[in-house]
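Chains as they are written, first to last, in numbering that gives the first Met the number 0: chain A, 0 to 473; chain B, 0 to 449; chain C, 0 to 279.
Just so you know, these hints were derived from the structure itself, not from any lab.
Be aware that a few hints might be false.
Cross-link-like lysine to any residue pairs, in silico, SDA-like; alpha carbons within 20 Å at most [what the hints assert, rightly or not]:
1. A:256 x C:19
2. C:101 x A:150
3. C:101 x A:363
4. C:101 x A:349
5. A:1 x C:15
6. C:191 x A:349
7. A:246 x C:104
8. A:8 x C:104
9. A:257 x C:112
10. A:257 x C:10
11. A:254 x C:15
12. A:257 x C:19
13. A:69 x A:52
14. B:294 x A:333
15. C:2 x A:363
16. C:266 x A:349
17. B:294 x A:358
18. A:246 x A:358
19. A:1 x C:104
20. A:246 x A:333
21. C:191 x C:173
22. A:8 x C:102
23. C:101 x C:112
None of the values given here were measured: they were computed from a predicted structure.
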Amino acid sequence: MKNFFNGLKNYFAEFGTAVAKGDIWTRMSLLILGMGYFGRGQIIKGILVTLVEVAVILFTAMFSAPYLAKLGTLGTVQREEVFDPLTMTKTVNDYDNSLLILLFSVVGLLVLFAFLLIYISNIKRVYEIQKLKENGKHIESFAEEVKALFNERFHITLLTLPSLGVIVFTVVPLLFMICVAFTNYDANHQPPTYLFTWVGLQNFRNLFTNNMTVSFGYAFIRILIWTLIWAVLATFTTYIGGILLAKFINNEHTKGKKVWRALFVITIAIPQFVTLLLINKMFSDNGIINGLANQWGLVSWLKDAGIIASGANGIPFLSQPGWAHVMIVIINIWIGVPYQMLIATGILMNIPNDQLESAKIDGATEFQIFWKITMPYMLFITGPSLITSIVSNINNFNVIYLLTNGYTTPNPTLANSQAKEIDLLVTWLFTLTNDYSNFKMASVIGICVFIVCAAITLIGFTNLIKGDREEDFQ
Amino acid sequence: MKKKVLSAMLVAAMTASVLAGCGNQGGGDASDNSNNSTPNTQTPAQTGDDTQTGGDDANAGAADPIANLIAATEGPVSLDLWCSETAAYQEVMAKIVDNFKAAYPDVEFNITIGAQSEAEAKDRVLEDVTAAADVYVFADDQLVELVNAGALQPVQATYTYNPSEVNAAGAVDASTVNGQLYAYPLTASNGYFLYYDSNIFTEEDVQTWDGIIAKANEAGVQCGIEATSGWYLYSWFAGAGCSLTLNEDGTNTCDWNSDAGVAVAEALAKMYADPAFINLTDVDYSAQLTEGDTKVRAYVDGTWRSGDIEKVFGDGYAATKLPTFTVNGEQVQQRSYAGYKLVGVNAYSENVGWSMLLAEFISNEESQLAIFEATGEGPANTNAAASDAVAASPAISALLAQAPYADLQRVGGKYWDPAATLGKNLAEGTITDFKAAMDEAVAGINAPTE
Amino acid sequence: MKKPVRIVLRHVVLFLLAVFWLIPVIWLVATSFSAHKGMATNSFFPTNWSIDNYAQLFARPDTVCNFPAWFKNSMIIGVACCIISTIFVLMVAYAMSCMRFKARKPLMSFAIILGMFPGVLSMIAVYFVLREIGLTDSMFGLILIYSAGSGMGYLICKGFFDTIPISLRESARLEGASEFTIFTRIVIPLSKPIIVYTVINSFLSPWMDFVMARLMIKSKNPADWTVAIGLFNMLQKTLVSEYFSVFCAGGVIVAIPISILFVIMQKFYVEGITGGAVKG
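So here's chain A without its partners, still in its complex pose (with noise of 0.2 Å):
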């Protein structure tokens, strides 16, 4: 923390020496940015800059400052029509769009926050060449500086296009879901036809209050729980499983292991989608789990002995908490355990091997090399991407949404407001969305989301990995 706010000031520090430092080229660049590269006959650079100046303010001009001129009221004119039966056309008044004035306005000011960088860090550029200058040391040719893009420049080349990728189609997008959190965008204010407003934090308040027809907090304590359990579970059960059967397949003693692994393999081949929507029918209460278990007896028998309602169609392996629960854990397992496998083939490969023969000697058992050396190993190579997975996991929309497809709740306050015992934090807020156009409160659960990961991982990472090993390894 310390660190980061000392940089803030050197970097700010930096700016002021070369405004107050700087000669009057260097000066002329706080108005237009190419003057201090034209002083020093770099006119390519100079008019390169003085373009991405333009475009900026062409665009702030032309495209973004409507937009932002309505930031604070999101806008005030509501879409108005009016119809003319004769020629059958229909005129519409020039109507705010508050979804748009959002949108805009957060791409509108991220360029300017990206200007405000790019012009900062130009006039300590042009500050460099000055001195440059004023020592009489070479100054680069554009030649020069584009052959440098490169080489000791080369990372500017390499992440330029990933990282714009990344801020049109993920930084923006949450930048605005996040805005969303602070206004009333729901069911009754879509636009384009209805406005909506910023309510400030009522939405936070709303999901904290608890009542008989508000019952956001209660739903939100119960699912974020089982988000933890199920993150937890999910992550673990597959982790071991996944060496358990690695190990099982890579033993001395079995044979064709080659055939076996790709027997298990075979199972991550067939998109997930399929699988889980195939084992959802599977296990649906007509399904055709249940239609073999009434043809053997086995429902009537779980009936008999009390396990499932009376009422119960079958046995409701994905329609009852509890259930459910479980049902999914076991899935995941299904899921998840081959890959686990895949990549515990190849660390167990590289376990020395010299430890494993010393204790061998030393007459320990399977199962003490196994806990002693083995899982010691892998928790110190594949530590960090536990952590990644339970985020991963908390995030894991695919597997709840597709398998519990037509879950219905027992519990009426849960369903007061449209949760389910399985469903995770994302989920509930897919339903949220998707069903009920309730963006402002599934915005508030996404930030929560987003806090509940930042903690793990910031636990995980202190405890997991100390220091940074990363120079250690090359």
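Given chain A's structure and the hints, the job is docking chains B and C onto it.
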């Protein structure tokens, strides 16, 4: 936006006046053609007095709006149409669209038919109204939400026939919000009634659920209705006189936690406690039917399942209105939701005029009959419904018999989840305190939309 | 004497596990050959066998099912995505692993933070961004969405690059090679396993995704869909009784090329992921 529309209108007005000067030949032909295919041509039913478009109409001079429109149309007209994803629907719609093109031979159309389940039309349309189809078919329960979101072009004028006059009153009501017609009735098929196997159940048996359940136990078969859906659950409570209505702000007013409502819940739980009376979803039932056999020989479903059921029940195939059931020792007639499929015009369509004409064409008498022949779904048009072919269908007769006990579906979005949960708990017999369960459900149903 | 029993037992356990894992797969394949179009609820294997489902997939495109078009669309998207994504991932990984610059650490932290927001949340906003660019309903738009953010998935690849001995790069640099030359001539040729891993993963992701695709492809004309949207659509309430076994056949067809890819590339795939996971 504004500029675009204005300039389009200007162009329209200019071309119209030019053509009017040239004797209005092309326009005349086309409107004649349209007259042939749809004899009910009339001038707009309701003229918008407040519409001020700058006196372009006076210049155009032609009083026939369709001729105006044809004259104003330049180049091909691109329209998107969404209707049910089933093969039967897609095929018959393609034919109807061909007829539509033939009715206006002077205009070049580019009509794409998209497959979109009308049950989910609202969700898909509201994702982005501006990208949704110009004309789409949807189930009538979505009307209020679509209107509230401004996704439907009000039917302020009609051109080839007047939907309010030729369709059944219920269907027109189902398309109307606050006295304004918002959609064109297409079918009167989305209600439900009782299918039964007459080889097992007599006509007397199917008058009451008690009779059906008793006979089913006797014959070793089953009967049932889906419980985990608010759509069907409504029928029991409404039958006993409980009410569920939609308020202006999109919330519900529901009184199912009254004594009558609690009594219904208890009666329903008692029925589901009988192994012969089961909770079965329509999808699962159809899976059994397509496999060729089922133990469930009396089931509440809609016209869309008639074909499958007829195949399995064979000569025993029969249908009738919903039975009565026992609440507090009295027989109560089970009510139902009357469901309709409606054709709507997207308020954000760029070709409102042609979209309205297409919507009218799809929903006119001839088209409704064609749809009935292809899909077995009963027409909303009274003439079409009176035709021999329609009257001969047992499913549609049953639907008509149920009609006096069917209500218009006007429910806010907060109803469905709590109702499904209530139904599930009733069917599985997990409720012990019925009053508390009903209070909880009603709290959820009546919850504010915030 | 004890040993042989244990070895037999070991294979029996493996066999049981394999059966457990293959039951859904067997059901998928069996159902795809069923003459009955809906879902079977009474017998595991179909009572009547037929290859009609496959014939329907390939030869009789209708308004619900247009498998050849879906397959073509998914193939185009998959190939384009895997080219762009692989290039992006390699570029970012090289910059983060082999180069040192001021913004490196902040950028890496930033990527981790971004990854913690649920993607489902921003989907609707992604849609509007794409719409304003005018690319909804197009293959190109989907390619853009799937590959634009791919640079964020650089971690495993960076882990792999970290294991390449630094001395290799040092000596090349002493001989006057530029970073560009080192990247293309030294690091890439050594990275076959991780490239295979990245290619497979980025090829697969468009085949698996339907949520995003369904939102981005507004067209209701089956010819414009991807395999995932199309197959998902077949399980709609009104269609499932007519198309369930066709859905299964579609699943089998999609799985075949991927299985082959996996079995052939398995060795590299494992090497790639383990090489990368060493550093995660």
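Does residue 15 of chain C sit within 20 Å of residue 1 of chain A, going by the straight-line distance between their CA atoms? Violated, at roughly 57 Å.
Would you mind confirming whether the straight-line C-alpha gap from residue 8 of chain A to residue 104 of chain C stays at or under 20 Å? holds (18 Å)
Given hint residue 150 of chain A paired with residue 101 of chain C - CA-CA distance at most 20 Å: holds (16 Å)
Run the distance test for residue 69 of chain A versus residue 52 of chain A: straight-line Cα separation, threshold 20 Å. The hint is violated at about 24 Å.
Take a quick look at whether residue 101 of chain C and residue 363 of chain A sit within 20 Å of each other, Cα to Cα. violated (50 Å)
Holds or violated: residue 246 of chain A and residue 333 of chain A, Cα atoms, limit 20 Å. holds (17 Å)
Check whether the Cα positions of residue 257 of chain A and residue 10 of chain C lie no farther apart than 20 Å. Judged against 20 Å, a Cα distance of about 14 Å means the pair holds.
For residue 101 of chain C and residue 112 of chain C, compute the direct alpha-carbon distance and say whether it is at most 20 Å. Distance of about 19 Å is within 20 Å: holds.
Are residue 8 of chain A and residue 102 of chain C close enough, with their CA atoms no more than 20 Å apart? Measuring from Cα to Cα gives roughly 16 Å; hence the hint holds.
With the threshold set at 20 Å, check whether the alpha-carbon distance from residue 266 of chain C to residue 349 of chain A stays at or below it. Satisfied, since the Cα-Cα distance of roughly 14 Å is no more than 20 Å.
Given the hinted pair residue 294 of chain B and residue 358 of chain A, is their alpha-carbon gap at most 20 Å? violated (64 Å)
Restraint status (C-alpha distance of residue 191 of chain C to residue 173 of chain C at most 20 Å): Cα-Cα ~25 Å, so violated.
In this structure, the earlier hints numbered 3, 4, 5, 7, 9, 13, 14, 17, 21 are contradicted, and the remaining ones agree with it.
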